[in-house]
Amino acid sequence: MKEQDYMKIMNGLREDYISEAVSWDGTAQKNRRAIRRMTYGLGAIAAAIAVVIGTIGYSSYRDHLAADSESNPDIAEERLNILGGYGELHGYLTADGRSFFRDNSYFYGEDVKWAIDGSTPLINVEGDSTPLLLTDGKQLYTQHDGNVYVTDSYGGETLAFSLDDTLNCVSRIHKLPNGDYFAIGTTEVDTSVAANAPEDAGSMPHTEGGIASVQAVVYHMATGEHDAIMVMSYADPQQVQYGFLYQINDSLRIFPTITEMQRVMSGYHYQIDDSGDAWYFYDEQNAHGFGRVGFNVRAHNEGNDKVFRVKDFKTEEITGFAVHNDTLWFERLTKANNENGETRTFTEFYTMQLGDSEPSMNYRGDYDMAKNSPETDYPCYSYFGEQYLYGVMQKMTDSGLTFKVMRHAYDAFDGDQTVFEVPVSELYGDQIPDRMERPDMIFGDTGDYLFFTLPEEGINGEKLVQVNLKTGTWFYLGMHCDVVQTPEQNSEMNREDSYEGIYGETLESGYCSPETFPQYYIPAENLDSDRIDCYRMLPFAKASESKLDPAALGAHLPEGGTWSRRDPDAPRMTYEQAFQSITSGGSLVGWQMLEDLCKLSAGYDAEAYLNRSDMTDREFWLDDAGKEFFYVVLYGELGSYQDFDRAEFYFFCYDEAKQQYHYARLPDASAERLSGKQPAGTNFLGGSGTVHPYVTGTGQLLFAEDDLWYYDLGYGQRAPKQNDPAQTVWEALPQEAQNRFFADSAGNRRLMMDGSSFYTQDGGALYRLDNDGTEHYLMMPDEEMAAWNRDTIDVCRLCMMHDDRLFVMINGQTAADDGDCFMAYLVDVKTNIVTVLPDADVSRRELYPYWNEAAVTDEWIYSVSDNGTVLHITGLDGSTAAIDLAKDAGVTLDDGWFVGEDGQLWYGQDADWYHMSLHAADENYLKPQKDADAVPYYYNVPVRGATKVLGAAQPDMNIILCNYNGSGAEVLLDGTKNICDCILGVYCEGGVYHIAAEIRADAQNNPTPQTVVITKDGSSVSAFGILPMPQ
Amino acid sequence: MPAATDAQIISLFHERDQKALSETQQKYGGLCRSIAKNILGSREDAEECLNDALLRLWESIPPAKPKNLAAYLSVTVRNLACNRREASRAAKRGGGELTVALSEIEEVLASPERPDTVLDTKAVSDAINRFLGELQPETRVMFVLRYWGDLTVREIAEKCGVGQSKVKMSLLRTRNDLKAFLEEEGLR
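Going line by line, the protein sequences match chains A and B. Residue 126 in my numbering sits at position 126 of the first sequence, with consecutive numbering throughout. Every number in my numbering is 1031 more than the matching position in the second sequence, counting from 1.
With the rest of the complex left out, here is chain B (with noise of 0.2 Å):
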């Protein structure tokens, strides 16, 4: 049976149906999972996130209504997913692909010559969304994908309809292209 459309899902959310949540995951869980997983590392923390998130839009809608379901939760859980790895760092804890995609672009966001500079983390982000704001809608979600979402490159290949190595050759020519960028802004 094809998935509902958020407006339907929403509509259960609102009858308090608990076919909303199953919906819900069914749509969204496999990108949600992927994003969890991929800032903590670990499949069962994962799964814990995006059931806290589905919690969430429990208790949030209604009166919430989400223009975007996807964003909504997919925001959600990687709050969740961010604040349990900030927790969990503690705990000698952490990996998976957040760490896999920090290698990549690291060096991008700051220049290993000046570790002794303070990074303005709201100004890269300005940055960034002026340089994403330049890109073709394609190549700003790989971007995004990868770098916000933490998913891995045959994830993003997956949800893009797009072979892996074109995913990766995007990637690594937005990374120099924004690398440039933020040359030019005097940010690294």
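Bound-form chain A, shown alone (with noise of 0.2 Å):
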């Protein structure tokens, strides 16, 4: 198959499965949350569907809220609010009587959010699953589960009233003075009931299957009775508009006195005044009437008890009312002459105590629509009536080519305080639009701000603008147009010099290194050059390799943290204090490093941070700011915490005058040091060149060599290779190697090697070594030992298979220490991925002693048990085999027992030897065969791949090269002279073998071993000599 078929397979499984896998908490399904989250997120897929639905999501959002508030203190102290912002949620009321409200950092309107400050476009919150929240400007509430409640910022509500079958949703919402409610929001009535209806009632619009939702308004008392009325209107075929007035009780009825009543809802609306009475108004042919709606006075017309007239009057072209100790408001647009006779438009707004028999104008608008609009009888530029905050009116204009929101407070007629002006042109270009009149025009005012929607939306997307009231500057909002401006900014502001427009284009074609700076973008043309140039993310500036002295700008780093300062009452530690713990620290490990740093700070809590899996950065700020920073990277093999085991340090520093960062990196040698490596050209142990292990037949490892050292990794020392011979001593190991590779407390040996490749282990975990010290975790198996203390594992046994399956052999004690841990597996070294090999069918504490000393070959694993007497055979796949020994009875497997590349297992030891054939299927032939040619051997080293077995001959300590079967034997130093006492190792490469051995030139008087290096080239054989190391 090929790749890409199974790529576009996978592509195409449906993305609720991916959603829920990835998303998937194994531990929280195992716990009641889980319950709570599932239900969560299907209120907030209904919320998306229908209001009622989604207020039982709402329900479970305040649940979801409340948990995370209770398992998390942080948040609860910052006090995430309902909308999903922080901080404490304040209620206004627009123009319209439309909800909105603010927290420390957003505007919420009813699908929309934006921040205060402007840094963010206009959000689409739709569909989200915070709540239908609404406000009467004093209180918060929340409708769901067929009930409005009173609610706070974070979500803790009481009762209000019960909807019951009044109302499906409400819009808004008043509390009035003697506690009643007064709502305004939709419901359904059957119209098929309805009587009275004209004939052609059929026709009614947004009708199906006889149910309308229709407008309604319900006062609830605080009794807990309610009664309701309901406005219906339509069109019927001949454009005449009827409106229908209905009263909630058991039963739909219609008041038949105003079921012809024209042009009802442009009309129809309804106010709160200052006491919390509600009015409405309506228009009767341009006859308008205002009326109270009381509910339990008067009807104003037969057979409706619920609302009652308080006013007619004749105007025309009213555009809207408030009312205001019983004085009503209202504003028309009238046509007159001006100074010079000319007739211009006019708008003028009048003043009306409601026991007047006329209104009185007090007040005409400068707007010239004659002279500005080609049509002379232009409606409407202005607003007024909803348009109406807090006893002041929005005026909006286009006086002349200038589009202009002014304020005129309704007591103060002499003057207007214009808070918006711009040329139309700038907003709409050549494209005026025909109607600057918009219904769903929004005006918002909270003392400080003021906000409104466009008429039309601008031709770069704006559509809304909010003025700072007391600086006077504003900007646009759209929802794909973050544009700021200022009026300083206006006339020059170009949309391509916008943040975005500077920075937009570089960061999207712009390069994320992720080997230096994973959280930075570093632009493209950058790559190449050696003056590397990165982008912060935020605030985007610029930051450049620079030469600092951070030491010598006297910074103070801060009290732990990561992105921000946890403790700003707490010390800080200075860069002199964290350099001396980044250099001087004795931690080689990256994540080490970083734990020493945060530990360094008194009272700092570092496991809250450092037991994050997957943390790779850290940033300490220096200042509250960020202009002065520590930045840390930590890199590693991906897997837990301890994985990252490199590290690199970076000071970075804001230039304000260049508006850029500086950044300088640790020196390089400290840099390299600490991330693990050693200098350039220099090796894991200090020397130079490759290293090379010598070979042993345990898999310890004992002796290594590189161009320049002989290393006795037993003692931890090190010999010059071109030294005289006769005065070559050993040294002790440079510190840096010694602390590295043997200083485990525990006595477990930090360097091991598998016949090629080096390995250390530190911490309970294992790592293949680069030759420069570089590190690669190899993954363990975790689960299994999730019982062990990691502290106490010890890997006994490495040896590769195949070039890519290590096995490993660990042991340890178990974490209530109450007994030891055995276990073996496989890594393959590629995909880090792991296999346990089976414990096979005897008690572990029987087994894996003697796995220690496993024979292991490209192909299978042998191991002994049960006392020699079982030969358990392990494949790559897991599978395995036993073959008992025990036949042959008086044959034990000792120390320096191997299998050959042929197959054969030899075993044995003085000058008793055995072999046999593991590849045979007559287990007749596995009795072990006596080779009675056989050199004895007493240190047996195979050699892989060049099947031969190096040996020590008892009595006369020989050290013989030959094959398995001691066939070609070689004697390459004789054992008359020097007796050997070890062999430490062999290594082989180009044919040349380099054997390591430990002799002593005379037994009897020189107890002391001398070490021997011979090297056999073809015939040539040499030997170099150490002395031992001074005492």
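If you're looking for bench data, these hints aren't it; they were derived computationally from the structure. Treat the hints loosely; a few may be bogus.
Said to hold, decoys possible - Taking lysine-lysine pairs in the DSS-like style, the calculated list, with each CA pair at most 30 Å apart, reads:
hint : chain 1 : residue 1 : chain 2 : residue 2
1    : B       : Lys1096   : A       : Lys463
2    : B       : Lys1153   : A       : Lys8
3    : B       : Lys1153   : B       : Lys1210
4    : B       : Lys1050   : A       : Lys2
5    : A       : Lys138    : A       : Lys463
6    : B       : Lys1050   : B       : Lys1096
7    : B       : Lys1096   : B       : Lys1153
8    : A       : Lys830    : A       : Lys2
9    : B       : Lys1153   : A       : Lys2
10   : A       : Lys470    : A       : Lys404
11   : A       : Lys830    : B       : Lys1210
12   : A       : Lys8      : B       : Lys1210
13   : A       : Lys463    : B       : Lys1153
14   : B       : Lys1050   : A       : Lys8
As the list claims (entries may be wrong) - Computed Cβ-Cβ distance ranges for the label pairs, DEER-style:
hint : chain 1 : residue 1 : chain 2 : residue 2 : range
15   : B       : Gln1167   : A       : Glu783    : 35 to 43 Å
16   : A       : His802    : B       : Asn1110   : 49 to 57 Å
17   : B       : Asn1110   : A       : Glu784    : 57 to 65 Å
18   : A       : Lys830    : B       : Lys1210   : 22 to 30 Å
19   : B       : Asn1110   : A       : Glu783    : 30 to 38 Å
20   : A       : Thr1015   : B       : Lys1210   : 55 to 63 Å
21   : B       : Gln1167   : A       : Gly447    : 28 to 36 Å
22   : B       : Lys1210   : A       : Lys2      : 14 to 22 Å
23   : A       : Asn739    : B       : Asn1160   : 50 to 58 Å
24   : B       : Lys1210   : A       : Ser688    : 52 to 60 Å
Just so you know, even glycine gets a beta-carbon here, dropped at the ideal spot from N, CA and C.
The task is to assemble the complex, starting from two chains supplied on their own in separate frames and drawing on the hints.
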């Protein structure tokens, strides 16, 4: 199968399956929070469909919020509010009675939110799982489960009233001074039962199956009783509009007195005055009427005892109204002659005491429609009525070619305050809207900010203008437009010069370097440059490598923390302290260095941060603004936190003048060494060139060499290769190498090899070493080691199979300290996949000690158990077999047994050596055969790939190179002169054998052994002796 | 400190707060790195891929408001990784867990006895979707993580809070069932 086909198939998996999988939390599935989350998810989806259903989701959202707050004290402190932001919510009403809110950072509208400081565009939150929140300017309300609740900012609710069957959804709500609630919303009515309906009622729009969604007003008394009226209108085929006023009780009935009220929709509005009284306004063919919605007062028309008419008056083109202290305020457009006798359209504001007979005009606006519009009867450029906020009228005009918004206090008739003014062309170019009037245009006023929607979307997507009433600055907002403009910038502002324009393309085409700054951008054009420029994510300030001396700057590091400080009152450590910790702290593994750094500060709870498994970088801010910070990036293989074994350290400093960051990496030598690497050209033992391990039969690492040195790794010493052999003496390894490989307080070996590669274990983890000291974490069977005390783990045996599967044998103690643990596994060094090998049919304690002496070939792992009477064979695929060795009584396996490349198992000691074929199908053939001609071996070092065995034969203690069966033996060192005590290992490359051994020239009088390295190149044999280290 | 909720992270994106990136990386970086690394076979490429994905998030949120941030990010990462893998294939790169996963399921998805058959990937995808719909959620999750996310058995075990053996057994059975299902559907 082609890989592309496979990917295509898997790319076709359903999105919900993928969402389910990637969001799966196995642990959470085990507790009830999972139920809560699923409910939340369902609610969130439903919220996008219908408010009523969405309110179900809100219950869960609230639970979710509470759960987060309970489990997360930090969040609780930050007080996540029910709209998903932070801080107390404050509710306001727009001029047309819609609710909007603000918290510490955001304004929230019905389906949109935006940052108060203009740093975000309009953000569509439609379908979000946040609640449908309402306000009357004083309290916050939510509605769900068929009830309306008073809520605080964080979801604490008390029941206000039950919706019962009166409304499906409340859109406006007011608590009246007497404790009653006045609510406006929508409900459904069955128009088929509407009596007195016109004959063509069947043409009612928005009606399906006789059910129509209609506007309704409900009066809920504090006693729990309620009354409601509903208003519905429709247009008949002759486009004559009708309106109906219904009353809710047991059945619907029509109030016929207003059934033919024309233009009712355009003029039927409700207002709440300062005292909380509800008023309605209607237009009956320009015979306007105002009435109070009293519910329990006299009827203004027969049959309707819920609404009474207060005043009727005749006027034209009224566009809105407000009621304040029993005074009606309204606006109309009129045509009149100006001082030059020219006919103009003016905006006039009227006031009228509700008891007066006629209204009186108090103010005439200055809009000259005839001059500025091709249509002398251009209908309406200004708003009053619904654009009435807290005693202030908001007026929008098109004066000349200027788009203007003015504020005008209703009781101050002598002047406007212009709060916004721009040339129309700036917003609309040549495409000036035919009508700037927009029914859904919104004004909002919080006292410090005014915002309003534009009559038409601007040419750049501007939809909303927000004005800071204190400073006079303003900016546009749009869904895809986050351009910040102020009056000062207005004329010069070019969209290409915006933040987005400056950095957007750069960032998009930039290159994020994972190796240097995972969180930063490096523009592509700088990749090939010696001088790297990168961009910090925010505030998109350029950062350039510079020659900085942080110590000279007197930098202080914060009290722990990452992106922000935890405890502002805590003392800070200095840069020098940090630098000292990094460079001389003793830790050479990345995460440990970072941990040391964090622990430097007293009282810092490092665990809270450092247990994170995938953290790769940290910023330590030196100030609250992030203008100076210390940046640490960790590298390592994927896996646990402890896998991040390398670290690099940078210092960033913001240059105010240049508006860019400078950064400096810690001195290369330090960083290289600290990150686990040796200086260029230096290997991990501090020498030069490739380090070659000398192989031993039991997998121990005792001896190695590189271009300059021989290494006795059993004692942690080295000897120069170039000196006169007679003068060459062992010396201690450099301290760094000593610390790294020989300083395990638990007594575990720190440096190991598998015959060709080096490994190190540290803190219960196993790493493969590059020649430069870079460590590569090798996966361990963590699940099976769950009960282990990781600090006690000792890797006993390593052996590479097929150059990619590493056989690993480990032991340790249980976490409860009640016994030993043993385990053998294979790790694929390419994929890091771990395969735990089976235990076989014997107890671990019997088997695994012997596995310490396991023989490993490319294909099989051989181990003995049960006192050497059973040979277990384990394959790469985990298959096992067992061979009973007890058939030949008296034969036991001992140190030094091995399986040759020819498949022969060799074992024995002294002069008695046996071998048998492990490939034979006939079990009888497995009977060990004593090799009468074999050279007796005492130390056996199988040289893989060369089918040779090196042995030291008693009693002469020669060093012999021979085949497995002893044939072709060649004595390299005559034991009659120099007794071989021990073979330290063999290294064979290019047919050249290097054998390291400990010998004594005079066993009787010179008990101190000397090390000798014998080299056999063809027929040439040479020896290099190294004197013991002086005592 | 507990990880931020998705809503909080998305809010940070909307606030253009760079903590959004660190929080996202902290919360989902491990998963996404695993997906990318197991497709690309290279930690470096995976890291690069994740950072590319974070950049995509930074650029797309706002206005985007993903309902499931983990899915949004992981799909982005996977797409980027697949594209990168495709691009690097010409340079003889590849390997990684994707190859291992493919080797496991290859024989299930396409009959080796019919190598000449043109694979209708769309039909197979649809069939797998139907098949997955019948599975228990946990079983389905393991399958998707393995063969869509290319996670290792160990990574799946960690994510699902179960032992590796259970994962292996579940995957084995699911593969066998899927094989039978595809045969019934005439797709192999």
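To see whether the hints hold, each was checked on the structure:
Taken as a hint, the lysine 1096 of chain B and lysine 463 of chain A pair is honoured in the structure, with Cα atoms around 20 Å apart against an allowance of 30 Å. For the hint pairing lysine 1153 of chain B with lysine 8 of chain A, the CA-to-CA distance comes to about 8 Å; that is within 30 Å, so the pair holds. Between lysine 1153 of chain B and lysine 1210 of chain B the alpha-carbon distance is near 17 Å, which keeps this suggested pair within the 30 Å criterion. This hinted pair does not check out: lysine 1050 of chain B and lysine 2 of chain A have alpha carbons roughly 40 Å apart, beyond 30 Å.
A distance of roughly 28 Å separates the Cα atoms of lysine 138 of chain A and lysine 463 of chain A; the hinted pair therefore holds under the 30 Å criterion. In summary, the hint linking lysine 1050 of chain B to lysine 1096 of chain B is supported, as the alpha carbons are separated by about 17 Å, within the 30 Å threshold. The suggested pairing of lysine 1096 of chain B with lysine 1153 of chain B holds, with an alpha-carbon distance near 29 Å, which does not exceed 30 Å. For the proposed pair lysine 830 of chain A and lysine 2 of chain A, the alpha carbon gap of about 22 Å is at most 30 Å, so the pair holds.
Straight-line distance between C-alpha atoms of lysine 1153 of chain B and lysine 2 of chain A comes to about 14 Å, which keeps the hinted pair within the 30 Å bound. With a C-alpha separation of about 18 Å, the suggested pairing of lysine 470 of chain A with lysine 404 of chain A holds against the 30 Å cut-off. The hinted pair formed by lysine 830 of chain A and lysine 1210 of chain B meets the criterion: a straight-line CA distance of about 29 Å does not exceed 30 Å. For the suggested pair lysine 8 of chain A and lysine 1210 of chain B, the alpha carbons sit about 18 Å apart, so the restraint of at most 30 Å is met.
A hinted pair counts as satisfied when its Cα atoms are at most 30 Å apart, and lysine 463 of chain A with lysine 1153 of chain B does not qualify at roughly 42 Å. Taking the CA atoms of lysine 1050 of chain B and lysine 8 of chain A, the gap is about 34 Å. The hint is violated against a cut of 30 Å. Taken as a hint, the range 35 to 43 Å is violated for the pair glutamine 1167 of chain B and glutamate 783 of chain A, whose Cβ atoms sit roughly 22 Å apart. Between histidine 802 of chain A and asparagine 1110 of chain B the beta carbons are some 35 Å apart, a value that contradicts the proposed interval 49 to 57 Å.
In this structure the hint that asparagine 1110 of chain B and glutamate 784 of chain A lie 57 to 65 Å apart at CB is violated, the actual value being about 35 Å. At about 28 Å, the beta-carbon gap between lysine 830 of chain A and lysine 1210 of chain B stays in the expected band of 22 to 30 Å. Between asparagine 1110 of chain B and glutamate 783 of chain A the beta carbons are some 31 Å apart, a value that agrees with the proposed interval 30 to 38 Å. At about 59 Å, the beta-carbon gap between threonine 1015 of chain A and lysine 1210 of chain B stays in the expected band of 55 to 63 Å.
Under the hint 28 to 36 Å, the C-beta atoms of glutamine 1167 of chain B and glycine 447 of chain A, about 57 Å apart, miss the expected range. A hinted range of 14 to 22 Å holds for the C-beta pair lysine 1210 of chain B and lysine 2 of chain A, which are about 19 Å apart. One distance hint, 50 to 58 Å for the beta-carbon pair asparagine 739 of chain A and asparagine 1160 of chain B, holds here, with the actual separation near 56 Å. For lysine 1210 of chain B and serine 688 of chain A, the hinted distance range of 52 to 60 Å is satisfied, since their beta carbons lie about 57 Å from each other.
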